Amino acid sequence: VCTSRFWFNYRHVANTLSVYRSVKRLGIPDSHIVLMLADDMACNPRNPKPATVFSHKNMELNVYGDDVEVDYRSYEVTVENFLRVLTGRIPPSTPRSKRLLSDDRSNILIYMTGSHGGNGFLKFQDSEEITNVELADAFEQMWQKRRYNELLFIIDTCQGASMYERFYSPNIMALASSQVGEDSLSHQPDLGIGVHLMDRYTFYMLEFLEEIHPASQTNMNDLFQVCPKSLCVSTPGHRTDLFQRDPQNVLITDFFGSVRKVEITTETISLNRYSAGFESKLPKDELATEPLKYAEQLPVAQIIHQKPKQKDWHPPGGFILGLWALIIMVFFKTYGIKHMKHVF
Amino acid sequence: AASAQFQLTVPIAVVFVPGSVPEDLPGPLPFRDVQEMEISVNLRTSTTSRYQTVYRSTTAEEEAALDVATAQEADAALHLLQDAPLGALTVYVLPETSSLLPQGISVYVGKHRSALVRAGGGLAALRVRLRQLTQVMSFTASSIAAALSDRVPDGQLGPDARRHLKSSLGYEITFSLLNPDPKSHAVDWDIEGAVNRYVQPILDKLSLVANFSVDSQILYYAVLGVTPRFDKESSSFLLSAHSLPHVINPVEARLGSSAASLYPVLNFLLYVPERSHSPLYIQDQDGAPVSTNAFHSPRWGGIMIYNVEAPAYAKASLPLDVDVDMVRVMEVFLAQLRLLFGLSREELPPEFLLESPGDEGLADWELDRLLWAHTVENIATVSTTLTSLAQLLDKIGNIVIKDDVASEVYQAVASAQSAMAQLATGNLLSAFQASKEAVTSSERAFFDPSLLHLLYFPDDQKFAIYIPLFLPMAVPILLSLAKIVREARQRTKEPTKLD
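Line by line, the protein sequences are chains A and B.
Each residue of the first sequence is one higher than the one before, starting from 1 at the first, in the UniProt record's numbering.
Each residue of the second sequence is one higher than the one before, starting from 1 at the first, in the UniProt record's numbering.
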């Protein structure tokens with residue numbers, strides 16, 4: 001999830017796309033990835049190299065490529081949509097690619113980055129915030145419905161460690177790029193593009209992930225050391241107390257890649273071979289429907305001429321009534337009832 | 001987690017053929033008894049299984065039905081006579097010398113809901129046989145524990161507890177033909193005919209459990225992600241067992257399963273290897289080639305490799321017309337489908353003989369096994385969902401509950417209670433249907449989009465927002481109130497003073 005927009009926040013989109021690229025490279029298909037980008041950098045009018053997003057200066061690595069599937073884009077990246085994706089409380093018309101269809105055997109990786117993190121919150125789109133309490137509650141809702149087996153939460157923003165302080169559901173491991181009170185810093189700027197390309201933590205994490213291949217046995221302890229203070233300036237933190245397994249035994253590919261359990265099929269059932277003259281079963285009665293013409297698919301005339309729905313009028317609530325009663329009573333008591341005829 | 005006490009009742013009828021009645025019966029036929037067994041899952045969930053057994057002797061029609069040559073014919077004839085409801089079992093006890101059962105076999109389980117047992121050893125031995133039979137035909141402690149897998153503490157579950165498909169209202173089955181080398185092979189498969197002939201019967205039987213929809217596709221230039229190695233001795237290409245997990249992911253991206261419905265998707269892939277990698281065999285852990293040339297992944301689906309006959313290359317011109325033998329393919333795919341649902345035939349004592357379900361694909365008692373597990377799983381899910389919904393609403397007071405959400409919750413509770421009651425009386429079919437309704441309602445209530453708790457206002461923020469508004473406004477009001485009170489007090493004092 002990238003939560004910040006505007007051209008100067010190029011690096012957050014580059015961060016998110018780098019993690020997306022690593023995860024796809026290690027085998028997770030698009031149908032299992034929900035990518036939320038708050039702004040379009042590749043096709044931004046200020047991008048001197050359109051249709052590219054680079055992660056390293058000298059334009060070495062184009063993380064945008066030609067196989068990027070963004071599920072929530074631009075103004076669709078809101079706190080509400082993010083929480084809806086996590087908890088599953090999505091309107092029924094949402095397509096499958098925008099849903100998180102996980103079950104109790106799924107390991108989920110959540111990576112968030114944004115420009116304005118604070119002590120206990122992360123700003124979305126510069127206009128709203130998600131607090132660490134809401135995030136912890138959302139994870140608890142997921143746990144109650146067994147929507148994950150294990151969850152890895154990575155956040156790259158200022159004071160990122162405050163976001164995982166409040167988690168209380170089991171099987172969650174969290175990493176952050178900086179502690180409370182520290183800022184996460186960006187890596188180098190690129191003079192050709194004119195903005196900072198990546199954040200330090202994600203830059204070194206990407207370097208680390210480029211070494212991983214689907215069958216590698218590297219474990220989480222290496223990921224914790226990926227950005228020491230000398231390189232990152234901020235102090236990355238992690239939290240593993242809610243996680244049941246020892247991080248030593250957790251493979252990177254458990255979250256970043258996808259290695260499926262496979263069993264050899266040893267049984268078969270025996271079927272009678274039907275002779276060639278067998279008639280296929282008649283299909284169940286199908287109603288012959290006329291093919292719809294393109295223009296007729298929606299009842300456009302009805303929709304245009306619909307009257308706007310009347311909003312029900314509710315009488316004012318108790319607090320407002322009480323306040324006005326108090327004000328009016330004081331007014332008339334102070335100035336005397338004889339003034340009423342001047343008011344009305 | 002919520003506590004739940006399940007009581008699963010299995011009605012069993014034990015029918016004694018003349019000459020097979022054991023001497024140590026406690027009373028004359030017919031008589032009934034009940035046996036109970038406790039399966040404890042965790043501190044708060046336990047299952048009691050009750051076997052309500054009726055012992056009686058055969059009727060004339062049943063004797064006539066048993067008077068045939070083989071057990072299969074007897075099974076077919078008996079099925080026509082009786083109409084045991086879902087979940088019930090009928091066991092026919094044959095005399096020790098009966099020739100209906102082959103030599104060395106003491107128990108024969110038919111395609112429907114009856115079994116034939118050879119008598120011998122008195123009532124106690126019969127009871128042991130009955131217990132073994134119910135383990136096979138109804139449910140075992142481990143199948144119930146697997147159904148309740150989210151309540152079982154993690155260490156106690158076996159490795160295969162979470163591999164079976166979860167109970168769902170529908171499943172989508174996709175058959176895909178992968179042809180990576182269309183220049184060499186022009187592959188043709190009659191999938192529609194094969195589905196109608198071989199797959200539809202088993203899906204019809206499973207339609208009681210869920211809605212199924214089937215589709216198929218052909219993908220060209222879709223390669224496996226793994227390069228097989230060439231083995232000189234057998235002059236064939238081999239895929240070792242530990243490279244199999246990496247095969248699925250590159251293909252999955254092209255399968256298009258995200259366009260389908262919201263139901264879980266089961267993918268069955270048929271891969272025709274390229275000419276340069278033919279023939280291709282799968283090796284198991286010990287290095288032996290697998291006879292089915294297929295593997296499956298729990299909760300995902302299965303892949304089978306179909307090799308083109310080598311001699312055919314020499315004569316014909318490319319591309320070679322390949323006509324897929326759908327029977328061979330469907331035998332494997334249907335076996336994989338059964339395994340994905342958890343319908344494997346587990347280890348049995350050697351004197352048991354299980355009839356293969358043949359064209360129907362599924363024996364009636366296997367359907368019962370599925371229904372028992374799914375009913376228990378559904379009810380457990382409903383209770384967890386509703387409990388967590390109640391906890392959420394307790395915690396966050398300012399969520400508004402719409403009327404339809406409330407009515408879904410009431411309906412879920414009512415259906416779940418009805419399902420538990422039906423389970424206790426032994427009506428498996430109505431219990432299952434009630435549990436399905438309960439799950440539908442509870443999921444709709446829990447995942448209703450209106451229940452989003454976005455309004456987290458910490459108390460200090462509330463003060464920070466409202467004080468700058470109300471404090472200046474309140475100052476003149478409070479001062480005037482004070483003035484009113486002072487005046488009122490003065491007026492009550494004045495009359496006394498004037499006097």
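Be careful, since some hints might not be right.
Computed, partial: chain A to chain B, Cβ under 10 Å [to be verified]: (1) Lys24; (2) Pro29; (3) His32; (4) Lys49; (5) Leu61; (6) Gly65; (7) Glu210; (8) Pro214; (9) Gln217; (10) Asp246; (11) Pro247; (12) Lys261; (13) Glu263; (14) Thr265; (15) Ser270; (16) Phe331.
In the DSSO-like style, the derived pairs of lysine-lysine whose C-alpha atoms are separated by at most 30 Å in a straight line are [as the list claims (entries may be wrong)]: (17) A:Lys333 <-> B:Lys483; (18) B:Lys395 <-> A:Lys123; (19) B:Lys402 <-> A:Lys98; (20) A:Lys311 <-> B:Lys205; (21) A:Lys311 <-> B:Lys483; (22) A:Lys261 <-> B:Lys205; (23) B:Lys395 <-> A:Lys98.
These are calculated hints, taken from the structure and not from any lab test.
Fair warning: this is a prediction, and the values are worked out from it, not measured in the lab.
Glycine included, each C-beta is placed from N, C-alpha and C at the ideal position.
Taking the hints in turn, this is what the structure says about them:
1. Evaluation of the lysine 24 of chain A hint against chain B yields a held restraint, the C-beta minimum of about 8 Å falling below 10 Å.
2. Annotation: interface hint on proline 29 of chain A holds; nearest CB of chain B at approximately 4 Å, less than 10 Å.
3. Satisfaction of the interface hint for histidine 32 of chain A is found here, the shortest Cβ-Cβ separation to chain B being roughly 8 Å, below the 10 Å cut-off.
4. The interface hint given for lysine 49 of chain A is violated, since its Cβ lies 27 Å from the closest Cβ of chain B, which is over the 10 Å cut-off.
5. At about 21 Å, the closest approach between the beta carbon of leucine 61 of chain A and any beta carbon in chain B exceeds 10 Å, and the interface hint on this residue is violated.
6. For glycine 65 of chain A, the suggested interface contact is broken, since its CB lies about 14 Å from the closest CB of chain B, more than 10 Å.
7. Look at glutamate 210 of chain A: its Cβ only gets to about 18 Å from chain B, farther than 10 Å, so that hint breaks.
8. The interface hint given for proline 214 of chain A holds, since its Cβ lies 6 Å from the closest Cβ of chain B, which is under the 10 Å cut-off.
9. Contact between glutamine 217 of chain A and chain B, as hinted, is not supported at the beta carbon level, the nearest pair being about 13 Å apart and thus beyond 10 Å.
10. For aspartate 246 of chain A, the interface hint is violated, since its Cβ never comes within 10 Å of a Cβ in chain B; the closest pair sits about 14 Å apart.
11. Interface restraint check: proline 247 of chain A against chain B, minimum CB-CB distance 17 Å, threshold 10 Å, status violated.
12. With its C-beta approaching chain B no nearer than about 6 Å, lysine 261 of chain A sits inside the 10 Å limit, and its interface hint holds.
13. Of the supplied interface hints, the one on glutamate 263 of chain A holds, with its beta-carbon coming within about 6 Å of a beta-carbon of chain B, less than 10 Å.
14. The criterion of a C-beta within 10 Å of any C-beta in chain B is met by threonine 265 of chain A, whose closest approach is roughly 4 Å, and the hint holds.
15. With a cut of 10 Å, the hint placing serine 270 of chain A at the interface with chain B holds, because the nearest CB-to-CB distance is about 6 Å.
16. Proximity of phenylalanine 331 of chain A to chain B holds as hinted, the smallest CB-CB distance being about 8 Å (cut-off 10 Å).
17. Our distance criterion of 30 Å between C-alpha atoms is met by lysine 333 of chain A and lysine 483 of chain B, whose separation comes to about 9 Å.
18. The suggested pairing of lysine 395 of chain B with lysine 123 of chain A holds, with an alpha-carbon distance near 25 Å, which does not exceed 30 Å.
19. The hinted pair formed by lysine 402 of chain B and lysine 98 of chain A meets the criterion: a straight-line CA distance of about 25 Å does not exceed 30 Å.
20. Restraint check: the Cα-Cα separation between lysine 311 of chain A and lysine 205 of chain B comes to about 50 Å, which exceeds 30 Å; the hinted pair is violated.
21. With a C-alpha separation of about 43 Å, the suggested pair lysine 311 of chain A and lysine 483 of chain B falls outside the 30 Å cut-off, and the hint is violated.
22. With a C-alpha separation of about 29 Å, the suggested pair lysine 261 of chain A and lysine 205 of chain B falls inside the 30 Å cut-off, and the hint holds.
23. A threshold of 30 Å between alpha carbons decides the hint, and for lysine 395 of chain B with lysine 98 of chain A the separation of about 28 Å falls inside it, so the pair holds.
Of the numbered hints stated above, those contradicted by the structure are hints 4, 5, 6, 7, 9, 10, 11, 20 and 21, listed in ascending order.
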